[in-house]
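Chain by chain, the residues run as shown.
4 protein chains.
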Amino acid sequence: MIIIMKPNASDEAIQRVAKLIQSKGLQVHLSKGDEVTIVGVVGDKSKLRGSNIEISDGVDKIVQVTESYKLVNKKFHPEDSVIPVKNTVIGPDTLTVMAGPCAIESHDQLLSCAEAVKKAGATILRGGAFKPRTSPYSFQGLEEEGLQYMEEAGRITGLATICEVTSLRALSMAVKYVDMLQIGARNMQNFELLKEVGRSGLPVMLKRGLAATVDEWLNAAEYIISEGNPNIVLCERGIRTYETATRNTLDLSAVPVIRAKSHLPIIVDPSHATGVRAYVEPLSKAAVAAGADGLMIEVHPCPSCALSDGPQSLTFEQFHQLMTDLKPYAALEGRRIDL
Amino acid sequence: MIIIMKPNASDEAIQRVAKLIQSKGLQVHLSKGDEVTIVGVVGDKSKLRGSNIEISDGVDKIVQVTESYKLVNKKFHPEDSVIPVKNTVIGPDTLTVMAGPCAIESHDQLLSCAEAVKKAGATILRGGAFKPRTSPYSFQGLEEEGLQYMEEAGRITGLATICEVTSLRALSMAVKYVDMLQIGARNMQNFELLKEVGRSGLPVMLKRGLAATVDEWLNAAEYIISEGNPNIVLCERGIRTYETATRNTLDLSAVPVIRAKSHLPIIVDPSHATGVRAYVEPLSKAAVAAGADGLMIEVHPCPSCALSDGPQSLTFEQFHQLMTDLKPYAALEGRRIDL
Amino acid sequence: MIIIMKPNASDEAIQRVAKLIQSKGLQVHLSKGDEVTIVGVVGDKSKLRGSNIEISDGVDKIVQVTESYKLVNKKFHPEDSVIPVKNTVIGPDTLTVMAGPCAIESHDQLLSCAEAVKKAGATILRGGAFKPRTSPYSFQGLEEEGLQYMEEAGRITGLATICEVTSLRALSMAVKYVDMLQIGARNMQNFELLKEVGRSGLPVMLKRGLAATVDEWLNAAEYIISEGNPNIVLCERGIRTYETATRNTLDLSAVPVIRAKSHLPIIVDPSHATGVRAYVEPLSKAAVAAGADGLMIEVHPCPSCALSDGPQSLTFEQFHQLMTDLKPYAALEGRRIDL
Amino acid sequence: MIIIMKPNASDEAIQRVAKLIQSKGLQVHLSKGDEVTIVGVVGDKSKLRGSNIEISDGVDKIVQVTESYKLVNKKFHPEDSVIPVKNTVIGPDTLTVMAGPCAIESHDQLLSCAEAVKKAGATILRGGAFKPRTSPYSFQGLEEEGLQYMEEAGRITGLATICEVTSLRALSMAVKYVDMLQIGARNMQNFELLKEVGRSGLPVMLKRGLAATVDEWLNAAEYIISEGNPNIVLCERGIRTYETATRNTLDLSAVPVIRAKSHLPIIVDPSHATGVRAYVEPLSKAAVAAGADGLMIEVHPCPSCALSDGPQSLTFEQFHQLMTDLKPYAALEGRRIDL
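In order, the protein sequences belong to chains R, C, A and S.
Using our numbering, read the first sequence as starting at 1 and increasing by one per residue.
Using our numbering, read the second sequence as starting at 1 and increasing by one per residue.
Using our numbering, read the third sequence as starting at 1 and increasing by one per residue.
Using our numbering, read the fourth sequence as starting at 1 and increasing by one per residue.
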């Protein structure tokens, strides 16, 4: 931690800050410049909690030198993690494709999706049983009934399954039926939920919040891992910007950024990011080329009949074509696309 | 709802869209322009759910004509709401000041705050017992112990009390001790929690999400009101932008926008929005002048000792001065500042 | 300037950085922490130009300690500037109201506006002769003819006049007719134009760029002042965010931020910021309460006939009412509203 | 154009709007819904300029149905354009790599760059002679001397050359020496400059503004093409968002969006977008996979000696490796990487 003093800070003010730090058992390095004095702090800065140095007399600002997340930080865990999910893995040697409908609508809809995406090469089935919707008057999901269909679809096809949980109640149901949990963008900082999935024993995919920085996202993952669950996968799904040509702005630079800062795998969701079916294929290829460990793709037997997010869903045929198109890109990146 | 066809949409495509709409019991108005045809839809558009017209052949885009929120919409409830809280009210004739510490740290800290803010003219005591923190290693709040201090402070001073609830567990505790609930920015779209505070019977202050549009914010309020709770107050607390000179960007234009679109009162929180103590006073005055129904201000007996957000907290003396400065602005707006 | 080394930076790497800095005639302060080493740099950092220390082996990042703008920086010029314009001034004791049409459309339109705003208490007449328009097919302004009307309106009413210049060509014409120049948001970083207005001898109002940080804005002002022109006024006119309820998001916290960082006056333009006439009055009052040195308001004899930005223009009567409403707010801030 | 009336608009108000439109020679289609009435307008809407219907009594809002850009619009020119530059072309069958230093610093620096990038397979040499810099105290470029080196480098190596022009003065010099002009992000809406490059006769690369929407960007291109110059290439270079992990946020979804809306080629600049050398390679591959027609890459003989943007520049060796890595991606997209 570095404390930058104001240009006109008095010697007394500087000494007062230095003594405050030393009183907490930390060391101080003073650096007097032509314009300003800088106070370097050495030691465990958590001891300074509550000292609020930034409003001491003469202090201009504080600069944090080290990240607040530790267990998900690549600095302290340089090898890339490999996350096991049922009989597959997510990590640097695989390109994991999670596919399925935005919302589970019926037994037949989900089962037909499961068979189609399995056949095309996906290894994980997605499907929403609890839908967080902007308006209370929109379709909210089949809940436990949907989870039962997921369990059945996973059993019949051998696919692993993933479902978003939006509350502790949803979580307590989901753990009985699915292989992997998803925390959606709106709940990225629902810390109670993060802690509870951290205790669930299941692998978790953590979507980036709508306006979350990479730093906040990794701190949210730290909430999960600090409860004892290291099986975390991150998912970039677009951030909110001023641009309206796409629903969100897919931040593909987050892929190399995450790979530089963390050992956790990263998945990209071009369906939700763009909201437009025609952009899913070019951005899926781009995500793979950028180094993503996988993709989450919406597929629907009849997109024009979907209760949720039809405009961005692929038909079975389009998804099959996408998987075919992706194979040479996965190969260039040294990744296996199915197991 | 209006459907805009592509310039090259065939007559068959236009007829197919028209028939789809009519088959759901709605009426169609066709408007053929030089370049494009427009299809107006008349009737209850919820009947079109799942028809996904936007991906029908020949359709360019859909324009929504009416808002999805109804009960909080000023169009259907033109008089401004007045929200009772304990022995005070929030509404167009009052300027409600909620003040207190960011986090409740101890019995003495909270009680001394309560007395100081009461004396200066605040009518509601704020204080966090459950703190949503970016890092799992930061102070997380005193929880039920803190709520007990709130109850005591309210009893002794006569102030109404408000506390943020971050989960169903926190909510079930808070309803026993405080007069008003707060939903924080991170939980603005925690829909389960919104529904539950909608059933709590207590008035609710709903903070705007970090990157929420006004439309999403009013839809979140609709979740609460649609559960039977009309006692909702909105709170603007800064949005996330590219600018880093302040912690968030206080969007004061949201005050007249909300007053034009909804009958719910709106409070402004300049402390969290800016994160800088020196900006609290000018922006408090500005909020009142813009038409806000109240302010939420952080106060601490010793900001430099605060466990959370000290840099933006006012001392008792500064808060007293602020209240004095605000009085003529409240008077210009025709608002009583205390009851 | 502070250089933060990577956790695993070798002693050789640290010494190499230190020697590089010393070789340029600067001093080094090393601060070895438990995790990382920090290198403080003392002296004129412009000597390090081109040394690109941030990509030296072992370097994690660079933190700038001092601002790059100097002449507009309050640290080196603590008294607020007072900017003379014709027979009026802009500064801490006045509330300057600039008013007039978005675009000059005709002799009669401008002259009638000038008389109306003069009568209501404005001291500066605004009016666009060169209009920067998103589409090449929109009305682009009357150019020199418009400037001649400005000169006449100023002569007849005694008002000072301000006009936006969008190019060197426009500038060379405008200096012959008006009392103050305006640089619009789109040209905030048109550095050639900034330098030239810096040499023009006329006072300049510099609008904030659509997505400019406060730091970039003050650096743009530094371009003007470093050419010898200290008569600069800043103008906040809304920034681009994800919110669409208003055209831009008026950043009123920029008012206290600018007043803390610079000695230059700051004006607020609520008309362009919101794009909605009904929001101009509440946000004008808010700007004054936040500490603004003035306002820029669009007025039109017949807003529904305006060639540009009619929806945000006030009628003469509305403007007269606004000026009346503003007076007590100006008085509370200790500012004279006309001279 | 569609006019949406307010729910309480009277029949008189609706008739008044309808008559206003008809009085300009346009046709009206009324569509009365349960809540609101919609007025469709058929005909040349430029005739409505200045009628400001949006502030007529009873009008809620206006929805534009057609884009304001015409000549760059794919709807009216469905085949992708191929832009000739010296002896190469930019278009759907090629992957054009523009490479070179951020700023031209010396004869030797530029010539060695030119030879290195030519050898590695680039076809266009980039290099800045006029540098738009945030601070007036930063290096501003070699100007005409730099252009002379560009001309020489192009002659010796056979490479085409591109240089940013920041003013009419720079433009008048550049046309004498280089093969292609660049408009930088800060000048995307410098309309005078756009018009002048539109008359220059040289091909132009138009970078996206820092906070420009796709729509504004295409309108800026319309300024160039409407002056008679169809040889325009767009360049995505990152947009401004709240995220600070990269300098800007590279919006790769703009690639398929532009390809859907315009016939102009699109180039991606990952160097400026991220500001970090390590992210250039993954995002270059991603850009190609997303469908980009080319890349602009910064290369420097000694990045740690660069006067501008060293941290994002590749060494000759790194650039050679990048070009080798890109070849299979270009092949998958059916593009030739050099001619």
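Note that these hints are calculated values from the structure, not bench results.
One or more hints might be untrue.
Copies of the same chain look alike in the list, so a pair counts if it fits in one copy or across any two.
In the BS3-like style, the derived pairs of lysine-lysine whose C-alpha atoms are separated by at most 30 Å in a straight line are [stated by the list, open to error]: (1) K47 <-> K32; (2) K261 <-> K70; (3) K6 <-> K75; (4) K327 <-> K261.
Hint-by-hint comparison with the structure:
no. : hint          : in the structure
1   : K47 <-> K32   : both (25 Å within a copy, 18 Å between copies)
2   : K261 <-> K70  : within (11 Å within a copy, 36 Å between copies)
3   : K6 <-> K75    : between (33 Å within a copy, 9 Å between copies)
4   : K327 <-> K261 : both (27 Å within a copy, 28 Å between copies)
In summary, this structure violates none of the numbered hints.
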